[in-house]
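In this text, residue positions in the sequence shown follow this note's numbering: the first is 12, and each later residue adds one.
No lab work stands behind these hints, which were simulated from the structure alone.
Some hints here could point you the wrong way.
Stated by the list, open to error - With a straight-line Cα cutoff of 27 Å, these simulated DSSO-like cross-link-like pairs (lysine-lysine) come out:
{"#": "1", "residue 1": "110", "residue 2": "84"}
{"#": "2", "residue 1": "106", "residue 2": "117"}
{"#": "3", "residue 1": "124", "residue 2": "84"}
{"#": "4", "residue 1": "110", "residue 2": "78"}
{"#": "5", "residue 1": "106", "residue 2": "124"}
{"#": "6", "residue 1": "78", "residue 2": "106"}
{"#": "7", "residue 1": "78", "residue 2": "124"}
{"#": "8", "residue 1": "110", "residue 2": "53"}
{"#": "9", "residue 1": "124", "residue 2": "110"}
{"#": "10", "residue 1": "53", "residue 2": "78"}
{"#": "11", "residue 1": "84", "residue 2": "117"}
{"#": "12", "residue 1": "106", "residue 2": "84"}
{"#": "13", "residue 1": "53", "residue 2": "106"}
{"#": "14", "residue 1": "117", "residue 2": "78"}
Computed from a predicted model, the values in this text were never measured in an experiment.
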Amino acid sequence: MKMNVYLVMTINNLTTTKEELKTMPRPNRVHVENMTSNAGNKVANQFEIITDDGVYFQSYRTVIAFKPFDSTKPTLLDYAHNMAGSKVWSVTTTKYRNKFLGGNTKEIRERLKSGIYQLADLN
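Sequences are here, hints too, so could you generate the full structure?
Structural data, given as structure tokens:
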């Protein structure tokens, strides 16, 4: 015997059907993953944060870079934590920033100068 199942949610005496749920605004989804070493191991304190708009690279509690999925928009580097800023990244942060951006420090500086990357306040 085939049964039809309908989703109905009741919260505070308000009822919402499956069809109504489809039309509700949906928040930006977020997924966090540890970056991996060359050996394939998860690396502590180095994260990729995947959203509907793009991917962030975060080292410890600081967002370092953002790569948008929309290729017409530039990759963003945090102003206060980039090579031209007042802070110097640790060897580990630099290594995983380079891995995230797919280049070395010299190439990243060149991309900044050419406008491929832009500085922004990411924190």
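*Could you check the structure against the hints above and give me the numbers of any it violates, in ascending order?*
none
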